[in-house]
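Chains as they are written, first to last, in the working numbering: chain A, 1 to 261; chain B, 1 to 247; chain C, 1 to 285.
FYI, nobody ran anything at the bench for these hints, they're computed from the structure. Treat the hints with care, since some could be wrong.
[Unchecked claim] Listed below are the simulated DSS-like cross-link pairs for lysine-lysine, each with C-alpha atoms no more than 27 angstroms apart in a straight line:
1. Lys86(A) with Lys231(A)
2. Lys67(C) with Lys156(A)
3. Lys208(B) with Lys121(A)
4. Lys135(A) with Lys208(B)
5. Lys67(A) with Lys208(B)
6. Lys67(C) with Lys135(A)
7. Lys48(A) with Lys210(A)
8. Lys102(A) with Lys67(C)
9. Lys101(A) with Lys208(B)
10. Lys156(A) with Lys208(B)
[As the list claims (entries may be wrong)] Just the calculated beta-carbon pair ranges, DEER-fashion:
11. Lys135(A) with Leu249(C): 39 to 47 angstroms
12. Leu18(B) with Pro195(C): 50 to 58 angstroms
13. Ala17(B) with Pro155(C): 32 to 40 angstroms
14. Arg12(B) with Ala155(A): 52 to 60 angstroms
15. Thr62(A) with Met25(B): 29 to 37 angstroms
Glycine included, every Cβ here is placed at the ideal spot set by N, Cα and C.
Read off the chains here:
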Amino acid sequence: MKSFVKSLAAAAVALSLGAGAAVAEDVVKFGVAAEPYAPFSSQDASGKWVGWEMDLMDMVCTQAAIKCELVPTAWDGIIPALTAKKIDVIWSSMSITAERKKTIDFTNMYYNSGAVLISTKNGDADISPDHLAGKTIGVQVSTIHEKYVQKYFSAKSTVKTYQTQDEANNDLAAGRLDYVMADSLALDAFLASDQGKACCELKGLVPEDKEVLGDGVGGGIRQDDAALKDKLNAAVAALAASGKLIELNAKYGLAGKIIVP
Amino acid sequence: MTTSELLPLVIRWDLLALEPPGWGMVLLRGLQQSIMIAFGAYFVGLLLGLGGALGKLYGGPIVRSVLEGYTTIVRAVPELILILILYYAGTQLLSQIMQSYGYGRFDINGLAAGIGVLGFVQGAYSTEVLRGAIQAIPVGQLEAARAYGMPSVLRIRRVVLPAMMPFAIPGLANLWLIVTKDTALLAVVGIAPSELSLATRQAAGFTKQYLLFFLAAFFLYLFISLFSNWFFRVLERYFRRGQAKLS
Amino acid sequence: MAGAGSVSNLSIGAITQGTTDDLMKIIKIFAVVVVVVGVPAAFFMRWDWLNPSFQEATGAYPVYGLKLFYGVGWTVFLLLSSCCLGFMLAIPIGLVQVTGPGWLAAIARGFCTVIRGTPLLIQLWLMYYGLGSLFPSIPWIRESVFWPILREAWPYALLAFTLSFAGYEGEIMRGAFAGVPKGELEAARAFGMSPFTALRRVWLPRAIHQALPTLSGEVVLQLKSTPLAATVTIFDVFSVGTKVRQDLLIIYEPLLFIALVYVTLTAIVVLAFRYLENLVPGKRA
Chain A
1 MKSFVKSLAA AAVALSLGAG AAVAEDVVKF GVAAEPYAPF SSQDASGKWV GWEMDLMDMV
61 CTQAAIKCEL VPTAWDGIIP ALTAKKIDVI WSSMSITAER KKTIDFTNMY YNSGAVLIST
121 KNGDADISPD HLAGKTIGVQ VSTIHEKYVQ KYFSAKSTVK TYQTQDEANN DLAAGRLDYV
181 MADSLALDAF LASDQGKACC ELKGLVPEDK EVLGDGVGGG IRQDDAALKD KLNAAVAALA
241 ASGKLIELNA KYGLAGKIIV P
Chain B
1 MTTSELLPLV IRWDLLALEP PGWGMVLLRG LQQSIMIAFG AYFVGLLLGL GGALGKLYGG
61 PIVRSVLEGY TTIVRAVPEL ILILILYYAG TQLLSQIMQS YGYGRFDING LAAGIGVLGF
121 VQGAYSTEVL RGAIQAIPVG QLEAARAYGM PSVLRIRRVV LPAMMPFAIP GLANLWLIVT
181 KDTALLAVVG IAPSELSLAT RQAAGFTKQY LLFFLAAFFL YLFISLFSNW FFRVLERYFR
241 RGQAKLS
Chain C
1 MAGAGSVSNL SIGAITQGTT DDLMKIIKIF AVVVVVVGVP AAFFMRWDWL NPSFQEATGA
61 YPVYGLKLFY GVGWTVFLLL SSCCLGFMLA IPIGLVQVTG PGWLAAIARG FCTVIRGTPL
121 LIQLWLMYYG LGSLFPSIPW IRESVFWPIL REAWPYALLA FTLSFAGYEG EIMRGAFAGV
181 PKGELEAARA FGMSPFTALR RVWLPRAIHQ ALPTLSGEVV LQLKSTPLAA TVTIFDVFSV
241 GTKVRQDLLI IYEPLLFIAL VYVTLTAIVV LAFRYLENLV PGKRA
């Protein structure tokens, strides 16, 4: 009996140690939103992560000579995952805003793009808050677009939030929403797809508001992790100087639509 | 109707193919993950439940109150919220313990986290099922074992557990079905990345064929439950061998 | 319900005593939890977002207090409507398995097996995403008068929850209908009651009363399933908690508060069912 209990205890300890793993300190974990966000990051059928941001991550890691590991994390838990040290960098099209800077730090901007509204094909290009009164606007939760819509449109229109941008796009195609506001490049990718081409068209860029929309996209870092931040900044600057970023834009057909350092 | 309008009505069976770009293999691997998590959580739950049931029946007042609180709270709070709280609190606690031992960063993989969290929730339900089953054992058998001078652990192994099984099987079958369906909740929280429901949502989101993939997941889960029902019927017949038939 | 109109004074005492016992047990557990978890939480955690006039610095941002209130409203609405509609569906499903023609009973049994064999989450997503992507592609649905309702998210959630409740309750009502003593039904027929009158006056009330304890547990389970509606854009109380969690980047406070809300709702449901059970005088164990 005693040996039975002992072996059970040994098995439990072995299981718990095997379940976790003490990670070597030099692997840098890049947290990416587990939900697809074309053209920046999405997962294809073979399980590989592809996209503009994924390629940039590989290039930055080669440039900075660090070992990188991709960790898909749910978007709504990605900042807590960073502060809890489950990941070291947030590399998921997260915009640099003053609000977020209270909790985490950011590398320098590695791309910037505008925010746009899309809607059904009806040739109507008026996107003022008065014109959208009574309509339903969809946004992804916990993004700068959600804050923008809450600030300017929530007084007169209904705002629906979604966990992923994909769901918002689908509901627009399904007729459940009247408008969707998101990043211009992500929505471009949607409008170029079969579903987007059939249902919707671009309405236009929203008026700028730096306080809400932020200063472009950067990598999220813990506030005490200055060493990693410098490494990543240096790598991005070197890639920009060598023209590799322009090549990357061309590869994904984003030339002229995306602003890079 | 134009082709684009007909799009959702055309069933793209090729998307279920086992080779990429078919998502069939992804779904099957998700099924395997779900079953593994369910197994792990079920057995962790049974261990906790056995301890809890014995504690509630034979333990002192403090042990009984703590266990009463454990079962009541777990059964009153929605699983989704419990899973979230346990996941964040549990991983934080574990990494703090590990860091105080000097292990550096400690990461729990999704599978283990899912098993731990679901197992904890299952433990509360198992406690009630096993407690009811033990209480249903004819007291004479336990008294006879005590009269023979059996030490308690031997008594548990030779009398309590075997006698409890026929009474426990319906409850255990129910618990198994609950845990297989609760693995879907992990998809909402995003814990186990390759679990079936999450894989289905990813595949459906990527290909826009929602009806197809959710129906596929639906039938995969149904298959698990039908197979489990058959298995538990066989198990019940085995444990009730030699006893008078029920009806 | 038989005897509900003629409750004696003695029974009123029994009713209130029964519910008071349960209330005391629940209050005791509440008190322990509040002291062990609540007091440190109140001191060390951030609760300013519960204040109804809380507003973020960027101005005109959502007031969480009001949203929580509406969220609880959504939860209660989904719970009550899915339970009522589901129960109305469960009665014929259970009945037909005991009486009815074999083929109808087989369909009912198949329905219950399928519903109980698949996760509610998948059923919900199947309704919302699957049906939801099917309907708009059919032009006459889009033009019809139903479109403003079919456009919303709650009909699909309500449908999924109702079918789920009906599946589980169908099984329970089957057992309840089969468990009513045959003598009572025969007596009803001997009195010359038509089958439908016998059902209405004897079989159904007796079956419901027998099933009440189990039904109470099932309604609590249904309440615990309502957070899943948050995954299909319904802004119930769990959704509001998630929003607070994401906006303010605090993890435990919203979750603990939401847990408290659900425990309170559970207690109300359990007490309500105990009261209903105690209405009919019966043998007390």
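Next on the checklist: To test your reading of the hints: which numbers does this structure violate?
Outcome noted: Of the numbered hints given earlier, those the structure breaks are 5, 7, 9, 10, 11, 14, listed in rising order.
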